[in-house]
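Peer 1: Sequence:
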Amino acid sequence: MQAETENGVVLLGSTGESLSLTDSEKRTLVEFVCELKLNTKIIIGVPGVNLYQTLEWLDFCKGMPIHGYLMTTPIYAKPGIMGQTLWFEKLLEKAHVPAMLYNIPSRAGVSLHAETVRNLSSHEKFWAIKDSSGTVDTLTQYKKVAPNIEVFCGDDNMIPDMAAKGAAGLVSVAANVWPSVVHEYVKQCMSGENPQADSWQQACKTLFTASNPIPTKALLHDIGLIEHKTVRLPLSTEDLPSIETLRQANKMILGWKELTNS
22 MQAETENGVV LLGSTGESLS LTDSEKRTLV EFVCELKLNT KIIIGVPGVN
72 LYQTLEWLDF CKGMPIHGYL MTTPIYAKPG IMGQTLWFEK LLEKAHVPAM
122 LYNIPSRAGV SLHAETVRNL SSHEKFWAIK DSSGTVDTLT QYKKVAPNIE
172 VFCGDDNMIP DMAAKGAAGL VSVAANVWPS VVHEYVKQCM SGENPQADSW
222 QQACKTLFTA SNPIPTKALL HDIGLIEHKT VRLPLSTEDL PSIETLRQAN
272 KMILGWKELT NS
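All you need for this note's numbering is the position in the sequence shown, starting with 1, plus 21.
To be clear, the hints were calculated from the coordinates, so they are not data collected in a lab.
Be aware that one or more of the hints could be misleading.
[What the hints assert, rightly or not] Listed below are the simulated SDA-like cross-link pairs for lysine to any residue, each with C-alpha atoms no more than 25 Å apart in a straight line:
1) 83 / 23
2) 250 / 24
3) 111 / 75
4) 111 / 140
5) 58 / 25
6) 99 / 157
7) 99 / 131
8) 250 / 230
9) 58 / 30
10) 250 / 36
11) 186 / 143
12) 99 / 74
13) 62 / 187
14) 272 / 214
15) 164 / 209
16) 115 / 35
17) 83 / 146
18) 226 / 215
19) 58 / 46
20) 250 / 25
21) 250 / 223
[Said to hold, decoys possible] Label-pair ranges, simulated between beta-carbon atoms:
22) 260 / 97: 15 to 23 Å
23) 259 / 168: 42 to 50 Å
24) 182 / 44: 21 to 29 Å
The structure displayed is predicted, hence computed values, not measured ones.
Glycine included, C-beta positions come from ideal geometry on N, C-alpha and C.
Kindly produce the complete structure, drawing on both the sequences and the hints.
Peer 2: Printed below as a string of structure tokens:
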């Protein structure tokens, strides 16, 4: 579905529950998707946890026909500017394709520092940043210290504001459910328009009524696109407040889809 809509594909991001998968499962997943020979770009998630295991993962990915990496800011450890710089230098040295660094302070416990971005900005494998800070101010800081680095919006609800400030695109959760609608909406935001702003914000909000990807998988299951809505512990589908809210959001977005097609 993503390839048909001309969206890229990110494997093993937070929506893919990558931290809950074994190394063997992750390898199987990447091999399976690469064998599909999709006519779109594939980016592989790179965890920020253990240096040795992360470098091993990059060694495995070197043999895969992929187009990029999504490298998460190290989680839990809360490294400072030099810790982040040295960590990403090690990873970028090993990378065989361009990398997008991932600023996700709500999960990492610390931001991807602007000074880290400045330190790494001349590295040939540092291509872009996914910014999930929840504010356009971070994008502005990154563009100031590293104007050569693309910055992508990492929060669906922020794309209108971030597009206006120069974001290169969106790395999306909502596109898992509504690939063509999100594709069209982002294009319009990038051209300076902000259609259906209220319904967009409302729909994005429903996809985060519980930890990602609980609502997304519940809705994908409800509309018949995936067989199971299960998530792995410590996540639980019992934390989802209501499937009805998701159904209403889906109906609203599909109604908007008809409008955009007309």
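Peer 1: Checking against the hints above, which ones are violated?
Peer 2: Per hint list: single violation, 24.
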